[in-house]
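Input sequences plus hints: build the corresponding full structure.
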Amino acid sequence: MTDEFGVVRLEAMDEEPLPESGICHRKLTEALGCIEMRVNAVTLDPGEATAPHAHERQEEVYVALDGGHVRIEGTLHEVPAGGVVRVGPDAVRSVRNDGDEARTWLMFGAPPHGTVDDFGEYRMPEE
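Counting from 1, one number per residue, gives the positions in the sequence shown under full-length UniProt numbering.
Keep in mind that the hints are not guaranteed to be accurate.
Pairwise CB distance ranges, derived in the manner of DEER restraints [unchecked claim]:
| # | residue 1 | residue 2 | range |
| --- | --- | --- | --- |
| 1 | Thr104 | Cys34 | 13 to 23 Å |
| 2 | Val84 | Pro111 | 15 to 25 Å |
| 3 | Asp3 | Pro46 | 16 to 26 Å |
| 4 | Glu20 | Gly74 | 35 to 45 Å |
| 5 | Glu56 | Leu18 | 12 to 22 Å |
No lab work stands behind these hints: they were computed from the structure. Ideal placement from N, C-alpha and C gives every residue a C-beta, glycine not left out.
And the structure:
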């Protein structure tokens, strides 16, 4: 793969469970050759949601391929198919599927590096 571009097919990528929720996601960062951001895809079955979390220094952009909902700082927002959401560092966020079919989200985060030390502590809000 060249450093200038990368192409992947989501369905060709292996899924692995997120450590916080067990929901499967696809890590796309390395396969795409990204150096300035992290990229993941998560497909949520009906009723599933990612664990509420925040990052000290990482902002994220979510693309709702099939539509869905995102909860930011306790407020639920509907996102249409193809909708794009930006979430700043420190805001507690979670994507969810309140529909009756699977929904896929693309998730972009920066700074890019894949260790907690590089983008600040991954924080789960206290219940």
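Here's how the hints hold up against the structure:
Thr104 and Cys34 have their C-beta atoms about 19 Å apart, which keeps the hinted 13 to 23 Å range intact. For the hinted restraint 15 to 25 Å between Val84 and Pro111, the CB-CB distance of approximately 20 Å keeps it satisfied. In this structure, Asp3 and Pro46 break the distance hint of 16 to 26 Å, their C-beta atoms being roughly 40 Å apart. Look at Glu20 against Gly74: about 18 Å separates their beta carbons, and that is not inside 35 to 45 Å.
Our hint of 12 to 22 Å for Glu56 and Leu18 holds, since their Cβ atoms are close to 19 Å apart.
Hints 3, 4, counting from the list given before, are not met by this structure.
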